[in-house]
Amino acid sequence: MDADTSMADTTSLIIYIVVSALLPVLLIIGSKLLSPKKPARRKKLSFESGQVPFGWTESSFPVEYFPYAIIYIAYAVIALAVFLSVVAVIDNPGAALNVVVLLAVLSASSIYAAATLKNLPQRL
Amino acid sequence: MVVALPPPLQELIRFLASESFVKAAVFPGAAFVAVLGILSVWYERKLLARIMLRPGPLHVGKYGGWLQVIADAVKFLSKEFIIPTRAKKKLFVTMPLTALFLSALLFAFLPFSEYWVIYRSEIGVLLVFVLIALTPIPLIIAGWASGSKYSFVGMLRFAFQIFAYEVPLFIALAGVILAAKSFDIVEIVNAQYALPFIVTQFIGFLVFFIAAVSEAERIPFDLPTAEQELVEGWMVEYGGVGFLGIQLAMYTKLDALLFLTVNLYLGGWHGPAIPGVPETILHPFWVFVKFLILLTIVFMFRGVYTRITIRKILDLGWRYLIPLGFINLFLVSLTIYLPTLLA
Numbered sequence: 090m091d092a093d094t095s096m097a098d099t100t101s102l103i104i105y106i107v108v109s110a111l112l113p114v115l116l117i118i119g120s121k122l123l124s125p126k127k128p129a130r131r132k133k134l135s136f137e138s139g140q141v142p143f144g145w146t147e148s149s150f151p152v153e154y155f156p157y158a159i160i161y162i163a164y165a166v167i168a169l170a171v172f173l174s175v176v177a178v179i180d181n182p183g184a185a186l187n188v189v190v191l192l193a194v195l196s197a198s199s200i201y202a203a204a205t206l207k208n209l210p211q212r213l
Numbered sequence: 385m386v387v388a389l390p391p392p393l394q395e396l397i398r399f400l401a402s403e404s405f406v407k408a409a410v411f412p413g414a415a416f417v418a419v420l421g422i423l424s425v426w427y428e429r430k431l432l433a434r435i436m437l438r439p440g441p442l443h444v445g446k447y448g449g450w451l452q453v454i455a456d457a458v459k460f461l462s463k464e465f466i467i468p469t470r471a472k473k474k475l476f477v478t479m480p481l482t483a484l485f486l487s488a489l490l491f492a493f494l495p496f497s498e499y500w501v502i503y504r505s506e507i508g509v510l511l512v513f514v515l516i517a518l519t520p521i522p523l524i525i526a527g528w529a530s531g532s533k534y535s536f537v538g539m540l541r542f543a544f545q546i547f548a549y550e551v552p553l554f555i556a557l558a559g560v561i562l563a564a565k566s567f568d569i570v571e572i573v574n575a576q577y578a579l580p581f582i583v584t585q586f587i588g589f590l591v592f593f594i595a596a597v598s599e600a601e602r603i604p605f606d607l608p609t610a611e612q613e614l615v616e617g618w619m620v621e622y623g624g625v626g627f628l629g630i631q632l633a634m635y636t637k638l639d640a641l642l643f644l645t646v647n648l649y650l651g652g653w654h655g656p657a658i659p660g661v662p663e664t665i666l667h668p669f670w671v672f673v674k675f676l677i678l679l680t681i682v683f684m685f686r687g688v689y690t691r692i693t694i695r696k697i698l699d700l701g702w703r704y705l706i707p708l709g710f711i712n713l714f715l716v717s718l719t720i721y722l723p724t725l726l727a
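Residue numbers (our numbering), protein chains in the order written: chain R, 90 to 213; chain E, 385 to 727.
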């Protein structure tokens, strides 16, 4: 990519970012111009299927699907490791064997995790 | 007699006709994204109507009621934007519009040919992924900031769903990068010149496509906004311009994800040559045709599938798509590097 093309691309990107940022601003201005403004207490109540909202309580919220939330932490790190391996193998094809072994182990362990997840209690 | 325009006006005309401005403001930039959003909504309505044996939009606009979408946009703009008492005002107002901005930004890095791209980056696919990962965050905050129990439950479901499907999306993407040996989307498309990746990585395509449909929160993965039980879930408190912003953001993101799928798996702009049609028109044409096929499939899901439960959504993401993603990656690494290893 030569310098002129790169410069033109950067200019396009800047213009596009400005135009994209203007779109929400235009929507707000359009709404201000077109919409009525008649505040009322009832309008500002939260939706609760036609009932009078009874407010928030200090009860504990049951956490469901807890194992899934925990496994996300593990998989997020693994996904990063896999991604870095892919980058490494592009630069250094000699490391291909290591990556193939890593992916084989990950495939087998993810199948094991998938089979185990179903049997774990999902609610705390 | 020719009248010379004043120099500032000449400069302005030169700028408006420049390649940079045309790409950013017309195609594949802002005007195209806006028209695409309108077209997508209209197409969905007409297609669903055909599936349900009814005409769909008909009266507003001469040809297939196409002006109905514009009328709806004006309707949303002319409705009062009510901010509930319990809502966090600043977040409630700004988050849908931030989501719209981030979704629109996706198109900055999506190529429609080697020429028609707003910004070609050597790490384009990474930038797109970062934006895909960022777009749900303002929407999750929007649900939380609404101060409603319904929004809160919808937001929790949305967060669980997004977490479950981002990992497989990322793993499937790694397979494409591994096969193309590049992060540049243009080079990824060119690597599919002979054979699109949908053939060599069919499992990866399935994982990516299902995860993309879930990311866009389309039926059967629309539980966070479930109309019949959570009455629009995390967006229940939004009306007027806020609801319009969310809808535009969701449709723009869906379109961007499908264009990305076309580039990553369906060979992008590669297609049969049509005599007499120059490549500058033909390449975007093929991208658009492939996009329309995917869009039709996604919209047909809404017409033929029922909503699935959160347990099944999470099961599909964590217990099926992630292992399938890893298996796909393993197969890709084998097919690409086995000859090297054997040699």
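To be clear, the hints were calculated from the coordinates, so they are not data collected in a lab. Misleading hints may appear alongside valid ones.
As a list, the in silico EDC-like pairs of lysine to aspartate or glutamate whose alpha-carbon atoms are at most 16 Å apart [said to hold, decoys possible]:
| # | chain 1 | residue 1 | chain 2 | residue 2 |
| --- | --- | --- | --- | --- |
| 1 | R | Lys133 | E | Glu506 |
| 2 | E | Lys565 | R | Asp180 |
| 3 | R | Lys121 | E | Glu464 |
| 4 | E | Lys473 | E | Asp568 |
| 5 | R | Lys126 | E | Glu464 |
| 6 | R | Lys207 | E | Asp699 |
| 7 | R | Lys127 | E | Asp699 |
| 8 | E | Lys533 | R | Glu137 |
| 9 | R | Lys132 | E | Glu464 |
A quick look at each hint next to the structure:
Between the alpha carbons of R:Lys133 and E:Glu506 the distance comes to roughly 49 Å, so the proposed pair goes past 16 Å and is violated. A C-alpha spacing of about 9 Å is found between E:Lys565 and R:Asp180, which places the hinted pair at or below 16 Å, so the restraint holds. The hinted pair formed by R:Lys121 and E:Glu464 meets the criterion: a straight-line CA distance of about 9 Å does not exceed 16 Å. Distance restraint check for E:Lys473 and E:Asp568: the Cα-Cα separation of roughly 40 Å exceeds the 16 Å cut-off, and the hinted pair is therefore not satisfied.
The suggested pairing of R:Lys126 with E:Glu464 holds, with an alpha-carbon distance near 6 Å, which does not exceed 16 Å. Proposed proximity of R:Lys207 and E:Asp699 is supported: the alpha carbons are some 8 Å apart, at most 16 Å. A hinted pair counts as satisfied when its Cα atoms are at most 16 Å apart, and R:Lys127 with E:Asp699 does not qualify at roughly 47 Å. The suggested pairing of E:Lys533 with R:Glu137 holds, with an alpha-carbon distance near 8 Å, which does not exceed 16 Å.
Of the supplied pair hints, the one linking R:Lys132 and E:Glu464 holds, its CA atoms being roughly 10 Å apart against a limit of 16 Å.
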